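Engineer: Letter by letter, the chains look like this.
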Amino acid sequence: MSLDQVREKILGIADQVLKYAKDLNIPSTEVFVYNLSSTNLTDNKGKVDSRDGLSLGIGIRAAIGKKIGFASTTGFDKASIKSTLNLAHSIAKTSPENPMFNGFVAETKTSKEGILDPEIPNLDAKDMIEHCKVMGQGFDGSDTRLVSVTYAVNISWGGYALGTSEGCLASSLITTYDANSFVVVTEGGDRKTAGDFVQGREIKSVEGLTTNAMKHGLESLGSKAFGGSEILPTVWKSREAAPFLMFPFVTVLSGSGYVEKQNPWKDKLGEKVCVDEFTLIDDGQNPEYGACRSIDTEGTSKQTTTAIEKGILKTFLFDKMHGEAAELQTTGNAQRGFGFGGGIPFENLPTVGPNQILIKNVGKNLDEQIAEIDKGILITGTPIGLFTANPITGDFSITTNDAFLIEKGEIVNPLKSISIAGNNYETLKNILTIGSDREPSSYPLDAPSMTFKGHTISD
Amino acid sequence: MSQSDFILDLLHKSVDQGEKLGLDFIEARYDDLQLTTIALINDIVKQSSAFQRKGIGVMAYFNGTPGYSYTPELNLEGVKNATKRAIDLAKSTDERNVMKLDFDSIPAVKDKIIVDVKKHPKDVEFVEKLDMLKRGVSSIKEVLEPTSTTGLYGEMFGEKFLVNSEGTEIYWAPVMVDIRMGSVFMSEGKQSRSFTGTGASKGLEFFEEKETTPEQTGANAGKYCKEQIDAIAAPVGKQTTLVSPLMGGVVVHESFGHLSEADFVVTGQSPIADRVGEELGSEHVTLIDEGVSKYGGLYLPYDDQGVKTGRTVLVEKGILKGYLHNRGTAQKMNAELTGNSRAINFMFNPLVRMKNTYFEKGDLSFEEALEQIGNGVYAVDMSGGQVGLDGNFMFNCNRGYLIENGQITKPLRNHALSGNILELLKHVQGATKDITIRTGYFGGCGKGGQGGLAVGFGGPNVIMDQVLIGGA
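From first to last, the protein sequence lines stand for chains A and B.
Going by numbering that gives the first Met the number 0, the first residue of the first sequence is number 0, and it counts up by one from there.
Going by numbering that gives the first Met the number 0, the first residue of the second sequence is number 0, and it counts up by one from there.
Heads up, a few of these hints could be off.
For lysine-lysine, the following PhoX-like pairs were computed, each having C-alpha atoms within a straight-line distance of at most 25 Å [what the hints assert, rightly or not]: (1) B:Lys133 with A:Lys92; (2) A:Lys267 with B:Lys222; (3) A:Lys81 with B:Lys189; (4) B:Lys159 with A:Lys77; (5) A:Lys265 with B:Lys45; (6) A:Lys132 with B:Lys99; (7) A:Lys415 with B:Lys425; (8) B:Lys225 with A:Lys265; (9) B:Lys90 with A:Lys132; (10) A:Lys260 with B:Lys222; (11) B:Lys446 with A:Lys44.
Hints listed in this document are in silico derivations from the structure and should not be mistaken for laboratory results.
Just so it is clear, the structure is predicted and the values come from calculations on it, not from any experiment.
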C-alpha cells in the first residue's frame, strides 16, 4: 500500500467512525486512527532476528459535556469499532466531570508534514541486510579486543488521522529510517561498549558506523580509577548533553505539570532560569525531524515555540486542555504514548510532550571547551540513571564508564566507572559554556556540547 | 463456531501453512487482552481508559533462522499474510544468520489454565474502582496537606492461545490488578514527593488484604511524603546497606538477571558468559527465577514458546549455576529448558526475559540484620534505575533511612545506589528469613523495544556492604 493509499484509508476510517458515533447518539467524539508498518532487523554477532508487521488501531474519546471516556482497540473491523465507541461512551456516562475539559479541536488546520521518503516502504529484509554489510565495511573484525558487534536497521511508514464531531478531519504521515552499530570491547579486564547511529525520515548513508563505534570503544580501554570525590566542571559532548538535559527540560517545560502544580518552575514564568546566552525552542516544523507533523495527536497544527529566550522562561508547552486550563492556549504539543518506554499511540490519551527541543548553538567547539579546563571530566557516553532524577527537587546521581579525565586543557586518560551527582535546576544556572556543534541525537532534545561549572565526581 | 474455536482454527491454519512450506518449526499466538487505567489527579479523573489489544503473531523457523510477523486482522487473509511474511523473513535472512539457534522437538502440551479469581475486575463497576482511588487519596490527606495527589488504578485480563507445529495447544486467562498512590508537597522552599503501591496476579480481593487496601496505600504515600519534607542528606560514599525486598529484587532483576539472559550470553555480550561454576558472590547469595512462586508475584505458568515455567537457580551460595533460556539458546548451550521466552504482546517476537526473580531467604530476623549492620543505610523503595551490559547499575532510592547503632533513626533524602553487580554480590553479608515478591500493571521490564512487560521481583531484606551511595 502506498503512502497516498494509507492517507486515504485512515481519513476514510476516521470519517466512518464519526458517522457511527452520530448514529449511536454520542454527543461529542474524537477518533484517532493509527496505521504504521514497520520492519526491524538485527544481526548480533551473526545471530539474525527480524520482525515486521502492521500496527493498526483506533483510540476514541467520547464526551458528554465535561465527562470523558476513552477506549481503544487494535484493528479496524466494524464490530470492534462500534463496541469501542459504546465502551468510550459508557465510560463517559459513569465518569465524573473533568472541569479542565472544554471540548475537542473544532477545525481542520494543518502545518508542514515533513519529509516523506517513498523508497522506505519498498525496503525489504534483503535490502536491510545489505545496509548491515555497508555498516561493517572497513571495520577490522579480527581485532582480538572485540567481544561482539551488533548491526540493526529499523524502518517504518504510515501515519495517523484525527477526526472530531466538531469538524476537524486531518492526517499526518511519516517515514522513518534508523541504523546503528554497537560494539563490546575488552582488554586486560577493562570492558567497554560503544555505538554509532544515523536516523531520520529518509534512508541515510550508514558507511563508517561500525568503524566509528570501534574507534570510540578502543579509545575508552585502559581506563584508570578516578580515586576519591571532588567537585569538578563537566564537559559533555553534544550527543551526551542531549539526554542529560532532556529529563529536566521535559519536566520544567511541562504545561500539564504547571497546571497540576507538579512543575518545579510553576512560579518562574517571565523569570531568569538559565544563563543569558541560553535560548531553547521546541520545534515541530523542521521537515527533517520526526516531530514535524501537520497536526499533533489531538488535531492542532504543529508549530515552533520559543520556550526560553536569553535565559528567560517565556512559556510552557501545552496541549489543548492544559493550555486552556492555564488561560493560555495549546502550543501543538499533544502527544500519545510519550515517555520512557513509549507506548502504543492509539492506546494512549493525548498528553503534553515536547516536539524536538533545540538548544541554540553559541560559541565554542568541544576542543576549545576542553582547552579551557584546568581539571575536569569529559563525558563521552550516555550515563545510566539519567531518568531517575527527582523531578521535584532536581537532585540527580548518575554513573558512567564513558568518561575521560581532563587536566590542564588536555585529555589525560579514560576513567573507570564514576558517579556524577548534582541538581538539575542548579546545573541550568551553572552553565559555563554553550557549544557551537549541535548534532542530532536519538532523543527529543538536541544540544550542542556544553560545559557545566561543578558536579560532584566520585568513585 | 464459537469465537474460541474460530481463533484456534486460524492458528492451526497458520501452522499448517508453515509446515507445507517446509519450515523446521512454526508457532502462532493469539492475545485478546483488556486493559483499563484510571488516573485520579488532584481529585479530577484525568484518565478513564479501556484498551482492547487483540491479534495474532507468527514465529517461523527456517534452517534455525527465525522470522516474526503479526496482524491485528483476525481473518483468514490477515493471518495467511502474516504467516507468509514471517516465513519470507526467516528464509530471506537465513544466509546472513550464521548463529543458528534451532531446537529439537519436545512432547506436545495440551493445557487450559484459568486463574482462580474471587472478585474478577470484569465483574466490578467503574464507580467501585474509582471509589478505591478516592479512599486512597483521602488517606493521603489525613496525613498531610499535599500540593498535589495522584491515584492510579490498572487492570488487565483476557485470553491467550498458543499453537505450534509440535501439536502444542495452550489456553490461559491471565489477570492482574494494581493501585498506586502518590503525593507532592511544595511549600516555603521545602519539597517532597512520594509514590507507592503494588499489584498482583489476582482479582480485586487483593485490595481487601490488610497491607494493600487503598486506605493503607494512601496512608503510606502520605507518610512517606511527610517524612521527606525534613529528611536529611544520605551519607555519601560506600556504605553497608540493608536493601529491602523491593529494592533488592529490582537490583537483582536489572543488574544480574539481564546478564543471565542467554541471548546476551550466546553473543558474548554478557560479562558472565562462559562462567558457569565460578564463584561470583558470597555464600549468602542464592538467586532464583521462577514462573509460579509460593511467595506471590507474577503468575506465569507457560512462556510464549509453550514451555512450562520452572524454578531456575541462577546462583547458589555464590556459584553461578546457569542462565535463562529460550528453546534455541538452551539447545545451543546444552542446558535445561527454563521457560523464559516471553513477548509483551502479539506485536512482538518472544525474547529471553525474566519471570519472578529474587534473592533466596537467609536466617536473620529484621532486628538481627539491623544489629549486624550497626551504622549504615536502609534502602526501601526506588523510583527508577538503569543498568549497563557491564554490570554497572544505578538506582534512585526515594525512600531510605539512616541506621545508627542498629536502629532505624532518620529518613533520608533521595539518594542513588550504584556499583557493579559482580562486585556487589561478593559483599552480600546475609539476609532475613522472610520473602516478599511484587508485580504490577504499572511499570515493568523493558528490553528490545518491548517496554512494560510484567515481571515479579523481590526477596528478603539483604545486607550488602560496599554499596556506593550518592546524594546531591
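Engineer: Tell me the hint numbers this structure goes against, listed in increasing order.
Structural biologist: Per hint list: 2, 3 violated.
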